[in-house]
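Number of protein chains: 2
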Amino acid sequence: MKLGLFGYGTIGRGVYTLVEQLDKSYNCEITKVFDLPIKKEVLGDKLVTNIDDIVNDDEIKTVVEVLGGHDVPYEVITKCLKKGKSVITANKEVVSQHLEEFINIAHANNCSFCFEASAGGGIPVIRPLIDNIKVNDVNDIYGILNGTTNYILTKMDEDGLTFAEALDLAKQNGFAEANPTADLEGLDIVRKINILSSLAFKGNIKNDDIYHYGITGVNKFILDDIKNHGYALKFVASSKKTGNNVSIRVEPTMVKKNHPFAAVKNEFNAVLFTGSTNSDLMFYGKGAGSIPTATAIVSDLVSILEKRSYIGYENKNELIVNKNMQNDFTYYIVNSKNVGEFRQKVSDEELLKSKFYARVLD
Amino acid sequence: MKLGLFGYGTIGRGVYTLVEQLDKSYNCEITKVFDLPIKKEVLGDKLVTNIDDIVNDDEIKTVVEVLGGHDVPYEVITKCLKKGKSVITANKEVVSQHLEEFINIAHANNCSFCFEASAGGGIPVIRPLIDNIKVNDVNDIYGILNGTTNYILTKMDEDGLTFAEALDLAKQNGFAEANPTADLEGLDIVRKINILSSLAFKGNIKNDDIYHYGITGVNKFILDDIKNHGYALKFVASSKKTGNNVSIRVEPTMVKKNHPFAAVKNEFNAVLFTGSTNSDLMFYGKGAGSIPTATAIVSDLVSILEKRSYIGYENKNELIVNKNMQNDFTYYIVNSKNVGEFRQKVSDEELLKSKFYARVLD
Numbered sequence: 001m002k003l004g005l006f007g008y009g010t011i012g013r014g015v016y017t018l019v020e021q022l023d024k025s026y027n028c029e030i031t032k033v034f035d036l037p038i039k040k041e042v043l044g045d046k047l048v049t050n051i052d053d054i055v056n057d058d059e060i061k062t063v064v065e066v067l068g069g070h071d072v073p074y075e076v077i078t079k080c081l082k083k084g085k086s087v088i089t090a091n092k093e094v095v096s097q098h099l100e101e102f103i104n105i106a107h108a109n110n111c112s113f114c115f116e117a118s119a120g121g122g123i124p125v126i127r128p129l130i131d132n133i134k135v136n137d138v139n140d141i142y143g144i145l146n147g148t149t150n151y152i153l154t155k156m157d158e159d160g161l162t163f164a165e166a167l168d169l170a171k172q173n174g175f176a177e178a179n180p181t182a183d184l185e186g187l188d189i190v191r192k193i194n195i196l197s198s199l200a201f202k203g204n205i206k207n208d209d210i211y212h213y214g215i216t217g218v219n220k221f222i223l224d225d226i227k228n229h230g231y232a233l234k235f236v237a238s239s240k241k242t243g244n245n246v247s248i249r250v251e252p253t254m255v256k257k258n259h260p261f262a263a264v265k266n267e268f269n270a271v272l273f274t275g276s277t278n279s280d281l282m283f284y285g286k287g288a289g290s291i292p293t294a295t296a297i298v299s300d301l302v303s304i305l306e307k308r309s310y311i312g313y314e315n316k317n318e319l320i321v322n323k324n325m326q327n328d329f330t331y332y333i334v335n336s337k338n339v340g341e342f343r344q345k346v347s348d349e350e351l352l353k354s355k356f357y358a359r360v361l362d
Numbered sequence: 001m002k003l004g005l006f007g008y009g010t011i012g013r014g015v016y017t018l019v020e021q022l023d024k025s026y027n028c029e030i031t032k033v034f035d036l037p038i039k040k041e042v043l044g045d046k047l048v049t050n051i052d053d054i055v056n057d058d059e060i061k062t063v064v065e066v067l068g069g070h071d072v073p074y075e076v077i078t079k080c081l082k083k084g085k086s087v088i089t090a091n092k093e094v095v096s097q098h099l100e101e102f103i104n105i106a107h108a109n110n111c112s113f114c115f116e117a118s119a120g121g122g123i124p125v126i127r128p129l130i131d132n133i134k135v136n137d138v139n140d141i142y143g144i145l146n147g148t149t150n151y152i153l154t155k156m157d158e159d160g161l162t163f164a165e166a167l168d169l170a171k172q173n174g175f176a177e178a179n180p181t182a183d184l185e186g187l188d189i190v191r192k193i194n195i196l197s198s199l200a201f202k203g204n205i206k207n208d209d210i211y212h213y214g215i216t217g218v219n220k221f222i223l224d225d226i227k228n229h230g231y232a233l234k235f236v237a238s239s240k241k242t243g244n245n246v247s248i249r250v251e252p253t254m255v256k257k258n259h260p261f262a263a264v265k266n267e268f269n270a271v272l273f274t275g276s277t278n279s280d281l282m283f284y285g286k287g288a289g290s291i292p293t294a295t296a297i298v299s300d301l302v303s304i305l306e307k308r309s310y311i312g313y314e315n316k317n318e319l320i321v322n323k324n325m326q327n328d329f330t331y332y333i334v335n336s337k338n339v340g341e342f343r344q345k346v347s348d349e350e351l352l353k354s355k356f357y358a359r360v361l362d
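Protein sequence lines correspond, in order, to chains A and B.
Numbering follows the numbering used here, with no gaps: position 343 of the first sequence is 343.
Numbering follows the numbering used here, with no gaps: position 158 of the second sequence is 158.
In isolation and in its complexed conformation, chain A is listed as follows (with noise of 0.2 Å):
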């Protein structure tokens, strides 16, 4: 099978290693590659700068998109869905927005839609997912879901480092990107935590509609306190189905010591899944870098060779989410002395005035 790939950055160079190595038996090559003029040097004959040379090449059957950004991976995944060619992609900005759409022009032209890399980097979640809600109402989710901001919290903790110097380290590391603010803000977990929410709640989710509040204002002082009380603060994404209510939130997190999200550190991120017939499931790995991120994609790659790539998504619930709801959550709120009390039912408005505030998760 002839593929085409839609960037060639960090994952995409993953993706070319890693088909090169595949089983001989799956006749697979990567025939042309979408970049900008300045990789003809490392591409040659195989880059296109036009996508129309990989979207109109009939012997072209499957692509990998990981371009990143919006509006041209929109174009690729739509354009290339309608003529059959199956697509894989690692880009949770489109799938986060447009997931039914994807898979209802791939149904309607006899393909596949397969983006496990888009929420869980290198963890096999998606497929596990998908096959796991078949049979299990699931009604709570639970997730690391950032590598460059876990990478920070634990290099602070472990390390007594500032912020500033651990996000310089995450960046040196390559953890962290030069513009980290969609990290920070948790604006890249709001995309993964709404992919894994509305697979599992079975119904369309929007990123705008989904609650978050940074890492940026943990300090030294902060972490020390919430370790003296028996807690790791955590980046988690929580997400609560009850009835068609959803209730998403991104928060720091503070998660006791024998809480299994504990010993996630570092680059690391975990998926934790509770439901009607599984009361806990989760799933740990490496949530990004190139190889981890390639391997989910040529996962999703052999599900198609094999002619057995999972099925995604069904819209049934009218899901309605983060309005008008009221949380009993304990919190953990820091005033401008560095000083931090725990309270219940806090306002959305009052934990936003605070210097620093963390859910308590027990």
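Keep in mind the hints are simulated off the structure, nothing from the lab.
These numbers come from a predicted model, not from an experiment.
Just so you know, not all the hints are guaranteed correct.
Said to hold, decoys possible - Calculated cross-link-like contacts (lysine-lysine; reagent style BS3-like; alpha-carbon spacing at most 30 Å):
(1) B:K220 / A:K134
(2) B:K134 / B:K206
(3) A:K79 / B:K46
(4) B:K83 / A:K134
(5) A:K2 / B:K316
(6) B:K307 / A:K24
(7) B:K82 / B:K206
(8) B:K265 / A:K240
(9) B:K220 / A:K24
(10) B:K134 / A:K265
(11) B:K206 / A:K79
(12) B:K227 / A:K134
(13) A:K206 / A:K316
(14) A:K307 / A:K345
(15) B:K134 / A:K32
(16) B:K227 / A:K227
(17) A:K82 / A:K40
(18) B:K256 / A:K134
(19) B:K256 / A:K257
(20) B:K24 / B:K2
(21) B:K32 / A:K256
(22) B:K240 / B:K307
(23) B:K265 / A:K265
(24) A:K2 / B:K307
(25) A:K134 / A:K82
(26) A:K202 / B:K2
(27) B:K307 / A:K61
(28) B:K307 / A:K134
(29) A:K240 / A:K202
(30) A:K82 / A:K46
(31) A:K32 / A:K82
Here the structure of chain A is known, so what remains is to put chain B in place on it, guided by the hints.
Just chain B now, kept in the frame of chain A:
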């Protein structure tokens, strides 16, 4: 689709319930159940007491085998597959001994053989592993694979129970069988780590070649000392491939308090894989129990109904298991006075002479 169910015990009843709850669009019904005549009262006309009543029923295209034991299940599985019926089983005893044979018969007869529930109970681990190893060369597996023994160790550790008290409690709560020897000595774990290792390392492994040492020697003094050294005691299967040499050991194992396994408590299980492209992947959930195990079985069923069931097992490698292998692990060895010492390069003969020992996992 009409289904046949072999066995109406704890798991069989769970399967029956979950199949009845499946989405009606699958149009799936259990029409015959094989069990003893005594079940006539609950099963009525669905009960059959001769396996051939299901084997020879051409309307039944898929069967679930949850009988337990070896001889009858082996006969059931081979007869059904040869008739072109897809088979789903939770039976680690037969799967660990005949996996390659079953897969080959299934291929030859154009049907599926699925065994998600045979290792890890309710944890989706077999399918993710089969997908993952098409790309990722797994070389290390660690597992907490037995709910009974993990429950016993947790209750001893957290509630100060004696071994006998914890075992009794496990029996009362349905986590231990009347005769718990296979659990306590690690034989149950041997079968599960065999299945996982055979898949991951792509070769046949005999249960008899796997080293195992049980937990019956543990007591409160030992557990306290282990805790004071900063470790938690777990019953761990470890499996390592180096070239075609494989070392598989099932033995009490000490893990640091911040190791992901330290948070695996009570009847929960976990499996951790390390490989060439995914450095650490962990799957966590309930390793036993009627409904969790039935969830794994019915997930397999759905994959068959949706025509995307997995293709297991490639026997590519001539594996050499635990022959002339030396290890340089550190062991904690307890003498008859309950005094433990840490030692390296200890032979298995010496280990077996101790009152109790545990491997130290760093």
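Hints and how they fare:
1. B:K220 / A:K134: Measuring from Cα to Cα gives roughly 44 Å; hence the hint is violated.
2. B:K134 / B:K206: holds (23 Å)
3. A:K79 / B:K46: Violated, at about 52 Å.
4. B:K83 / A:K134: Answer holds: K83 of chain B to K134 of chain A is near 28 Å, not above 30 Å.
5. A:K2 / B:K316: It holds: about 26 Å lies between the C-alpha atoms, which stays within 30 Å.
6. B:K307 / A:K24: Satisfied, since the Cα-Cα distance of roughly 25 Å is no more than 30 Å.
7. B:K82 / B:K206: holds (24 Å)
8. B:K265 / A:K240: The given pair, whose Cα atoms are some 24 Å apart, holds under the 30 Å limit.
9. B:K220 / A:K24: violated (55 Å)
10. B:K134 / A:K265: Roughly 27 Å separates the two Cα atoms, so the pair holds.
11. B:K206 / A:K79: Status violated; Cα separation ~51 Å.
12. B:K227 / A:K134: violated (42 Å)
13. A:K206 / A:K316: holds (16 Å)
14. A:K307 / A:K345: violated (51 Å)
15. B:K134 / A:K32: Within the cut-off at roughly 23 Å; holds.
16. B:K227 / A:K227: holds (20 Å)
17. A:K82 / A:K40: Given that 30 Å is the threshold and the Cα spacing comes to 29 Å, the pair holds.
18. B:K256 / A:K134: violated (37 Å)
19. B:K256 / A:K257: Status holds; Cα separation ~13 Å.
20. B:K24 / B:K2: Status holds; Cα separation ~13 Å.
21. B:K32 / A:K256: violated (48 Å)
22. B:K240 / B:K307: Violated. K240 of chain B to K307 of chain B sits at ~34 Å, over the 30 Å cutoff.
23. B:K265 / A:K265: Holds: K265 of chain B and K265 of chain A sit about 19 Å apart, inside 30 Å.
24. A:K2 / B:K307: holds (24 Å)
25. A:K134 / A:K82: With a Cα-Cα distance of about 27 Å, the restraint between K134 of chain A and K82 of chain A holds, given a limit of 30 Å.
26. A:K202 / B:K2: Distance ~27 Å between K202 of chain A and K2 of chain B Cα, so the pair holds.
27. B:K307 / A:K61: holds (21 Å)
28. B:K307 / A:K134: The given pair, whose Cα atoms are some 14 Å apart, holds under the 30 Å limit.
29. A:K240 / A:K202: Satisfied, since the Cα-Cα distance of roughly 13 Å is no more than 30 Å.
30. A:K82 / A:K46: holds (23 Å)
31. A:K32 / A:K82: holds (19 Å)
The structure does not agree with the numbered hints 1, 3, 9, 11, 12, 14, 18, 21 and 22 stated previously, though it agrees with the rest.
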